[in-house]
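*Asks:* Sequence:
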Amino acid sequence: MTVTRALDRFGFPVRWAIDFRRARHAFGQVTSALSPADRIGLDAARLLLDGDARGAVDLLAGRPTESFRDLVNLATAYELLGDGAAGKAFDAARAVDGDRLAALAARRTTREANLVLPFPVTTGGMRVQVDLARALVDFGYEVTVVQVRGDDARDVPGADAFRDVVAVSGHPELTDRLRASPAALTVVGCWVDYLPALRAGNSAVVGFSGGEPTLNESDGFDEDFLAYRLDAHRLPVGLMTCSRFIQDIYRDVFGRVSDYVPAAIDDRAFDTGPRPADRPFRVLLMAWDGIGDKGLAFAVPALENLRRRGLDLEIVWITPHAPEVFVDLDCELHVDPPRARLFEVLRSCHALVYPPLVDGLGLPPVEAMAAGVPVVVTESGGSAEFAAPEVNCVVVEKCSVAAIEHAVERLYRDPALARELADGGRREAERYRPSRSRSRLRQVLAADRPIVCTDIA
Numbered sequence: 099m100t101v102t103r104a105l106d107r108f109g110f111p112v113r114w115a116i117d118f119r120r121a122r123h124a125f126g127q128v129t130s131a132l133s134p135a136d137r138i139g140l141d142a143a144r145l146l147l148d149g150d151a152r153g154a155v156d157l158l159a160g161r162p163t164e165s166f167r168d169l170v171n172l173a174t175a176y177e178l179l180g181d182g183a184a185g186k187a188f189d190a191a192r193a194v195d196g197d198r199l200a201a202l203a204a205r206r207t208t209r210e211a212n213l214v215l216p217f218p219v220t221t222g223g224m225r226v227q228v229d230l231a232r233a234l235v236d237f238g239y240e241v242t243v244v245q246v247r248g249d250d251a252r253d254v255p256g257a258d259a260f261r262d263v264v265a266v267s268g269h270p271e272l273t274d275r276l277r278a279s280p281a282a283l284t285v286v287g288c289w290v291d292y293l294p295a296l297r298a299g300n301s302a303v304v305g306f307s308g309g310e311p312t313l314n315e316s317d318g319f320d321e322d323f324l325a326y327r328l329d330a331h332r333l334p335v336g337l338m339t340c341s342r343f344i345q346d347i348y349r350d351v352f353g354r355v356s357d358y359v360p361a362a363i364d365d366r367a368f369d370t371g372p373r374p375a376d377r378p379f380r381v382l383l384m385a386w387d388g389i390g391d392k393g394l395a396f397a398v399p400a401l402e403n404l405r406r407r408g409l410d411l412e413i414v415w416i417t418p419h420a421p422e423v424f425v426d427l428d429c430e431l432h433v434d435p436p437r438a439r440l441f442e443v444l445r446s447c448h449a450l451v452y453p454p455l456v457d458g459l460g461l462p463p464v465e466a467m468a469a470g471v472p473v474v475v476t477e478s479g480g481s482a483e484f485a486a487p488e489v490n491c492v493v494v495e496k497c498s499v500a501a502i503e504h505a506v507e508r509l510y511r512d513p514a515l516a517r518e519l520a521d522g523g524r525r526e527a528e529r530y531r532p533s534r535s536r537s538r539l540r541q542v543l544a545a546d547r548p549i550v551c552t553d554i555a
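Heads up, our numbering is the position in the sequence shown plus 98, with the first residue counted as 1.
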């Protein structure tokens, strides 16, 4: 008996739709029970996290309250504005719960953190999340990785450096696990998990996205889902991303401010080696054909057309899973190769074609640039992060076999253009060296964060 995985357009198991529906239902139950005063208080906390102290004061000042959360946040807002009323407000919060106020202040010096990993490590973008956890360890944090909807994080290289790696079966267990944690910082990799992390109530929550599929676009989602997504991003959660494309979405779609920390690519991508012979012209694909949005339905026919026209072209395919659509493709196939082998294969190629329909960032083109391999990439949103057309890559329209075919033929017939783009790509890839990414992350973590209380029911 052959078992076929049921996947949605993003490559997510269809069963996760049930998990998302449960999360949406629970979200509605919690938020519908909030009083008008609680909604105002949470809005003020969000404004503080986004740096709008004046907006927080406008919401909270003059309202009689005994809410610890609102008193703390009003005091913080006054303090940021240099208003002498801050001391009185802090005294009022201390009178309600002095121990809690001291614990909030201590968050800024505690070196323990959680990473809530939302999906299996093999899912797109999760490698960036795990790299973030490793960086926190290198900065001296004790990191616990809590994985939702997967249980493979304990198998990633270097997992023994984490304080603990645990898998939880759902949001109630996630909240309980975080509530029992001593960590003062919880980084959450998917917005669906923001509310259960906030409800744990004992750490600052930061959402971190590198292009999670349900953020990349709004087409194809019903109004209820889009409202849920919007409301989740109006929660008092700090935001951080490694994608300028996602940063724009945070700002333009959700009205939020976020910190930008560039993704880091493996230093091994920059290793140099002997270049391949001029022919055959080896074109690399790096994606799985089980996800339609990856665009292989347009790239493969383009490359096959070139071969039929007589170009001495060889297709090389790196995929995280065995092929499901192009199972008979005449190619050099590598299924989930070790990272060291992946870079060897990359350096053996003359070009990378990366054709997604939509993508939050996409590291394969940046890795190819680092290796000195010319890149053909589609206008996928996230490619604007690194793509300078005709300077460091060739940019083509989405969903166009003809455009990909033409771009690859240009590189095939014009070695000078290929060398020029390779040189530009190497310069661009330097921005993504781990040392630079970590320097920026260190700046973000070291920023003098105000005391913000994000208590929610």
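By construction, these hints were calculated from the structure, which means they are not laboratory data. Here the structure is a predicted model, which means the values were calculated and not measured. Don't take every hint at face value.
With a cut-off of at most 20 Å between alpha-carbon atoms, the simulated SDA-like pairs for lysine to any residue come out as follows [said to hold, decoys possible]: (1) Lys186 to Lys496; (2) Lys186 to Phe166; (3) Lys186 to Arg225; (4) Lys496 to Ala482; (5) Lys186 to Gly160; (6) Lys496 to Ala265.
*Asks:* Hint by hint, say whether it matches the structure.
*Replies:* Verification of the supplied hints:
no., hint, verdict
1, Lys186 to Lys496, "violated, 58 Å"
2, Lys186 to Phe166, "holds, 13 Å"
3, Lys186 to Arg225, "violated, 46 Å"
4, Lys496 to Ala482, "holds, 13 Å"
5, Lys186 to Gly160, "holds, 13 Å"
6, Lys496 to Ala265, "violated, 37 Å"
The structure fails to meet hints 1, 3, 6 from the earlier list, while all remaining hints are met.
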